[in-house]
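Residue numbers (this note's numbering), protein chains in the order written: chain W, 349 to 579; chain U, 349 to 579; chain E, 349 to 579; chain D, 349 to 579.
It is worth saying that the hints were derived from the structure and are not from the lab. Do not rely on the hints blindly, as some may be mistaken.
Note: identical chains are not told apart, hence a pair may lie in one copy or across any two.
Claimed, not checked - List time: in silico DSS-like cross-link candidates among lysine-lysine, alpha-carbon distance up to 25 Å: (1) K355 to K400; (2) K490 to K523; (3) K567 to K523; (4) K567 to K490; (5) K355 to K567; (6) K400 to K417; (7) K562 to K355; (8) K413 to K523; (9) K562 to K413; (10) K490 to K417; (11) K417 to K355; (12) K481 to K400; (13) K562 to K400; (14) K413 to K366; (15) K490 to K413.
4 protein chains.
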Amino acid sequence: MLERLKKEVYEANMELPKRGLVTYTWGNVSGIDRNEGLFVIKPSGVPYEELKPEDMVVIDLNGNKVEGKYNPSSDTPTHLELYLAFPEIGGVVHTHSPAATAWAQAGRSLPCYGTTHADYFYGEIPCTRSLTKEEVEAAYEKNTGLVIIETFRNINPLHVPGVLVKNHGPFTWGKDAANAVYNSVVLEEVAKMNLMTEILNANMQPAPQYIQDKHFLRKHGPNAYYGQKRD
Amino acid sequence: MLERLKKEVYEANMELPKRGLVTYTWGNVSGIDRNEGLFVIKPSGVPYEELKPEDMVVIDLNGNKVEGKYNPSSDTPTHLELYLAFPEIGGVVHTHSPAATAWAQAGRSLPCYGTTHADYFYGEIPCTRSLTKEEVEAAYEKNTGLVIIETFRNINPLHVPGVLVKNHGPFTWGKDAANAVYNSVVLEEVAKMNLMTEILNANMQPAPQYIQDKHFLRKHGPNAYYGQKRD
Amino acid sequence: MLERLKKEVYEANMELPKRGLVTYTWGNVSGIDRNEGLFVIKPSGVPYEELKPEDMVVIDLNGNKVEGKYNPSSDTPTHLELYLAFPEIGGVVHTHSPAATAWAQAGRSLPCYGTTHADYFYGEIPCTRSLTKEEVEAAYEKNTGLVIIETFRNINPLHVPGVLVKNHGPFTWGKDAANAVYNSVVLEEVAKMNLMTEILNANMQPAPQYIQDKHFLRKHGPNAYYGQKRD
Amino acid sequence: MLERLKKEVYEANMELPKRGLVTYTWGNVSGIDRNEGLFVIKPSGVPYEELKPEDMVVIDLNGNKVEGKYNPSSDTPTHLELYLAFPEIGGVVHTHSPAATAWAQAGRSLPCYGTTHADYFYGEIPCTRSLTKEEVEAAYEKNTGLVIIETFRNINPLHVPGVLVKNHGPFTWGKDAANAVYNSVVLEEVAKMNLMTEILNANMQPAPQYIQDKHFLRKHGPNAYYGQKRD
Chain W
349 MLERLKKEVY EANMELPKRG LVTYTWGNVS GIDRNEGLFV IKPSGVPYEE LKPEDMVVID
409 LNGNKVEGKY NPSSDTPTHL ELYLAFPEIG GVVHTHSPAA TAWAQAGRSL PCYGTTHADY
469 FYGEIPCTRS LTKEEVEAAY EKNTGLVIIE TFRNINPLHV PGVLVKNHGP FTWGKDAANA
529 VYNSVVLEEV AKMNLMTEIL NANMQPAPQY IQDKHFLRKH GPNAYYGQKR D
Chain U
349 MLERLKKEVY EANMELPKRG LVTYTWGNVS GIDRNEGLFV IKPSGVPYEE LKPEDMVVID
409 LNGNKVEGKY NPSSDTPTHL ELYLAFPEIG GVVHTHSPAA TAWAQAGRSL PCYGTTHADY
469 FYGEIPCTRS LTKEEVEAAY EKNTGLVIIE TFRNINPLHV PGVLVKNHGP FTWGKDAANA
529 VYNSVVLEEV AKMNLMTEIL NANMQPAPQY IQDKHFLRKH GPNAYYGQKR D
Chain E
349 MLERLKKEVY EANMELPKRG LVTYTWGNVS GIDRNEGLFV IKPSGVPYEE LKPEDMVVID
409 LNGNKVEGKY NPSSDTPTHL ELYLAFPEIG GVVHTHSPAA TAWAQAGRSL PCYGTTHADY
469 FYGEIPCTRS LTKEEVEAAY EKNTGLVIIE TFRNINPLHV PGVLVKNHGP FTWGKDAANA
529 VYNSVVLEEV AKMNLMTEIL NANMQPAPQY IQDKHFLRKH GPNAYYGQKR D
Chain D
349 MLERLKKEVY EANMELPKRG LVTYTWGNVS GIDRNEGLFV IKPSGVPYEE LKPEDMVVID
409 LNGNKVEGKY NPSSDTPTHL ELYLAFPEIG GVVHTHSPAA TAWAQAGRSL PCYGTTHADY
469 FYGEIPCTRS LTKEEVEAAY EKNTGLVIIE TFRNINPLHV PGVLVKNHGP FTWGKDAANA
529 VYNSVVLEEV AKMNLMTEIL NANMQPAPQY IQDKHFLRKH GPNAYYGQKR D
């Protein structure tokens, strides 16, 4: 069942430790098959070294497990809400990568200070509000998804493919699982750079809007000219 | 004698350089067999590359060496005090991992700023007071254990499986040697994240208590639902 | 065509991920054959793991592609301007290495605080002004080259073989592609050191000029005495 | 000639890149044979990957090359002065390791904030004054040695086996070349930790003297009890 997607999601998960984004099991990647209405996600708490493609868990859009010997990631209800609310996305990633998590703990959105950010994220990467006590106690992981969606009321999730969940850490997404991991790597790199930038200049302002426009649009949309026209 | 425990403790020790927590010989792990009333600890000052399972030293609960060709770690009396005072623990680790040591040198407890911390430590990770001159001169390593125990008068050591010893560095513990090493990795990661968090926000407050409750309790205790119910 | 230069430029490109200067495809190296009036540059957006010497793209000094199945790096017009304006240079590098990019984002020139810097860069490494909206929209990459050249009106590019482009990141150059990469490594290392230096001393002043003179001149020029007289 | 010492010095040099202390050729190690009155040092500017034991250069205590096809390290006169002034030392190391260099650039001595430092350095690690213009121009490398010796007028170089040369970087020494490298690793680690410590606590004071005494003396001198009594 969904063998190709399971392999893709497995490989995307294995990128996380390879890229230095996760310690132990602190991350998870999923990918969706929109035609089948099913997504595939990492099992909960299984070490990366033991993970195999067939261990991936299949979930339907009501959040029910359809196949898999393991429990799915405890963050599955968050992934589900994002797939339901953002119909254009094909993959979701959650990590506790250290610099992005520091911004999330600080409760601060990541300003766009330069082109590394602007190449992949169009505008600041927002930080959510804290969940309320009621939201945490009633349905924590589902409400984590809902507070992300609330944060994106006026933001195009394809233009800003990631978020910082306050007190928690980053979620990113993309056209597929591999692309969502790519955006996690960018987010961590930018989080690290921007921390250093603020140490060097206590009065930082975002990069000019026209530089942000230029960089995002030379890589995305109809007039993109970066790369080999493969994406 | 205690072959299986020696192997476990050996492997837990070897995790320390692999996880980037120790330079040279600056760390040690022990594990206890409560039925036998004996614990097993790394020898003092032997390089990790030369270490073998049979080099582990066996100590009784009076602190006497029972078996082993090498001297035990000079921190053995600290491990002993922790085993005596905290009957639920099965392993102890000491390192000089850089970020955790920086907090210890700064004499500051690690506040809980987010879920990475709350998943494994329930509340702040305390920093001890300084030892007095008398304590240092009379029985330094034993008194290091006693000042940790004093610090935990009102803290459950299973809920907060680690401490920062002022001017010195971290000790962690856990249900066994491997779990104690796991907690050392968490502590270093959180120490690094929280340092960055404070740079980003000069007025940090701990994460809301209900988020700390949720994260710790979804991984620990009777209502835990993270993972595959293996621990 | 230009097989030896392609190999050199390929190898110089491969140094970037090996030295930790690039994530994914975020960097590019070129090298020039002044006799032929042609330069060779990395293709745009091709992963380093897939790159081969024959994938390098050949460009003439009008900026036209002369050979190559791929599109050249989108930064090619910047490289071109540097080759035209700085006739003594043989290689150019662009990266988003994190510490150097942080200084560029902060809009700050790198002061010479010590001999690590002075061994390779004679005086501060300047940061350009921001490009204007018109410059960005009309010919972004070409104007990036022109603003670098403007910044070097009164600076010898052989004495200061690199620059920080505001809001963007570093460009370096050298006598050939390999030497330009070397200077990128130095720049990142110095950017990292100098950030730490400013944290440690809020009132830093540049190193005395006579120390800067000594270190640069013991490695460069007719009285150099460092090394084996191979460069 | 001095085959065993050359091998020791070669291996000590190779530890520098392995331990992350040097980029390219930015470091050098020497070791002395006091009976022969000769020391052996790395050649200048030869990449570590190409270095062989027989490339080491032999120097006498007048600073003359006695054997070797290469030029010795340009820092040879500094090593010479240290061997002449500190008769108990057997090896010398110079690096530009980033955190230690940041302290040197900041012109700050490294305070003893904890036991990681106190285990190997007894008291603060001093930073020299700047060399004068005359000292730099007349005999830079020799005067670098002399300013170190001046800094140690009232310090036992065996108790504090290292120094920060202002605007430049660290030198360390030890009973032999390998031990001098060990002290370079300690110095870099402590420099990194102490930088973090100062970020966490703006009013840091050194660790209590009795803790410094305890840690240094449990590893050094007649009452040492750390390790296996091999050193």
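Comparing the hints with the structure gives:
no.: 1; hint: K355 to K400; verdict: within (9 Å within a copy, 27 Å between copies)
no.: 2; hint: K490 to K523; verdict: within (22 Å within a copy, 32 Å between copies)
no.: 3; hint: K567 to K523; verdict: within (14 Å within a copy, 32 Å between copies)
no.: 4; hint: K567 to K490; verdict: between (33 Å within a copy, 17 Å between copies)
no.: 5; hint: K355 to K567; verdict: neither (27 Å within a copy, 28 Å between copies)
no.: 6; hint: K400 to K417; verdict: within (12 Å within a copy, 37 Å between copies)
no.: 7; hint: K562 to K355; verdict: neither (36 Å within a copy, 32 Å between copies)
no.: 8; hint: K413 to K523; verdict: within (23 Å within a copy, 32 Å between copies)
no.: 9; hint: K562 to K413; verdict: between (43 Å within a copy, 23 Å between copies)
no.: 10; hint: K490 to K417; verdict: within (23 Å within a copy, 48 Å between copies)
no.: 11; hint: K417 to K355; verdict: within (16 Å within a copy, 31 Å between copies)
no.: 12; hint: K481 to K400; verdict: neither (37 Å within a copy, 50 Å between copies)
no.: 13; hint: K562 to K400; verdict: neither (41 Å within a copy, 30 Å between copies)
no.: 14; hint: K413 to K366; verdict: neither (28 Å within a copy, 36 Å between copies)
no.: 15; hint: K490 to K413; verdict: within (16 Å within a copy, 52 Å between copies)
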